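Please model the entire structure based on the sequences and the hints provided.
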Amino acid sequence: DAKTTQPNSMESNEEEPVHLPCNHSTISGTDYIHWYRQLPSQGPEYVIHGLTSNVNNRMASLAIAEDRKSSTLILHRATLRDAAVYYCILRDLRSSGGSNYKLTFGKGTLLTVNP
Amino acid sequence: GAGVSQSPSNKVTEKGKDVELRCDPISGHTALYWYRQSLGQGLEFLIYFQGNSAPDKSGLPSDRFSAERTGGSVSTLTIQRTQQEDSAVYLCASSLQPRAGDGANVLTFGAGSRLTVL
Numbered sequence: 039d040a041k042t043t044q045p046n047s048m049e050s051n052e053e054e055p056v057h058l059p060c061n062h063s064t065i066s067g068t069d070y071i072h073w074y075r076q077l078p079s080q081g082p083e084y085v086i087h088g089l090t091s092n093v094n095n096r097m098a099s100l101a102i103a104e105d106r107k108s109s110t111l112i113l114h115r116a117t118l119r120d121a122a123v124y125y126c127i128l129r130d131l132r133s134s135g136g137s138n139y140k141l142t143f144g145k146g147t148l149l150t151v152n153p
Numbered sequence: 010g011a012g013v014s015q016s017p018s019n020k021v022t023e024k025g026k027d028v029e030l031r032c033d034p035i036s037g038h039t040a041l042y043w044y045r046q047s048l049g050q051g052l053e054f055l056i057y058f059q060g061n062s063a064p065d066k067s068g069l070p071s072d073r074f075s076a077e078r079t080g081g082s083v084s085t086l087t088i089q090r091t092q093q094e095d096s097a098v099y100l101c102a103s104s105l106q107p108r109a110g111d112g113a114n115v116l117t118f119g120a121g122s123r124l125t126v127l
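Going down the list, the protein sequences come from chains D and X.
Numbering follows our numbering, in which position 63 of the first sequence is assigned residue number 101; successive positions increment by one, without gaps.
Numbering follows our numbering, in which position 46 of the second sequence is assigned residue number 55; successive positions increment by one, without gaps.
For the record, the hints were derived by calculation from the structure and aren't laboratory data.
Since the model is a prediction, treat every value here as computed from it, not as a measurement.
Where hints are given, some of them may not hold.
With a Cα cut of at most 27 Å, we get these calculated DSSO-like pairs of lysine-lysine [to be verified]:
1) X:Lys24 - X:Lys66
2) X:Lys66 - D:Lys145
3) D:Lys41 - D:Lys145
4) X:Lys66 - D:Lys41
5) X:Lys66 - X:Lys26
6) X:Lys26 - D:Lys145
7) D:Lys41 - D:Lys107
Below is the structure:
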């Protein structure tokens with residue numbers, strides 16, 4: 039799987055927007071960009087995914103650079119419950135076969151939200 | 010159930026003992042994954058099951074680790090002759106079968122089984 043690079047940690051204040059960056063300069067044309075997060079003492083949970091266009095859902099927005107070499111997860115109004123480790127993962131789901139079915143997790147970004 | 014269920018939630022064992030960890034995936038999910046997360050570390054892939062296909066065991070760290078999935082549903086991860094370095098949270102996830110072009114395929118994780126080897 040192509041590698042992603044994220045900052046080790048970020049800090050935000052409650053009710054402010056948070057922009058979590060991810061660099062993936064070696065992304066291939068068949069890689070989707072997936073984001074998961076892991077709250078304390080819980081398993082990871084899916085947040086959002088995208089391929090080329092920006093995406094919005096009830097949890098967050100995903101902004102993808104035009105060259106797809108980077109992306110940004112946007113939490114529009116951070117809450118204390120958003121404090122978690124956020125993982126940016128590339129997943130080859132456009133081609134069949136290979137090891138495209140499993141997620142390869144890096145270290146992620148630890149987001150701290152201050153009240 | 011609505012989510013992925015894992016048991017036990019906590020297990021303390023003595024070095025050298027065998028342990029079994031259970032995972033009950035979401036009904037209808039044909040793909041099942043086991044991961045391990047050591048203290049302060051990221052998630053490490055262990056094994057993947059998909060339907061009746063041969064499992065991908067490429068992440069199992071040693072031959073003391075094995076897993077089976079009976080009837081395409083419940084899975085058991087077995088660690089024989091446990092060592093202190095096996096102490097970790099063992100996470101199970103399930104998903105629909107990943108298919109080419111299905112970018113929306115997502116994994117749903119359980120809360121994990123925390124294993125402590127004394």
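Of the numbered hints stated previously, which ones are contradicted by the structure, given in increasing order? Violated hint: only 6; rest satisfied.
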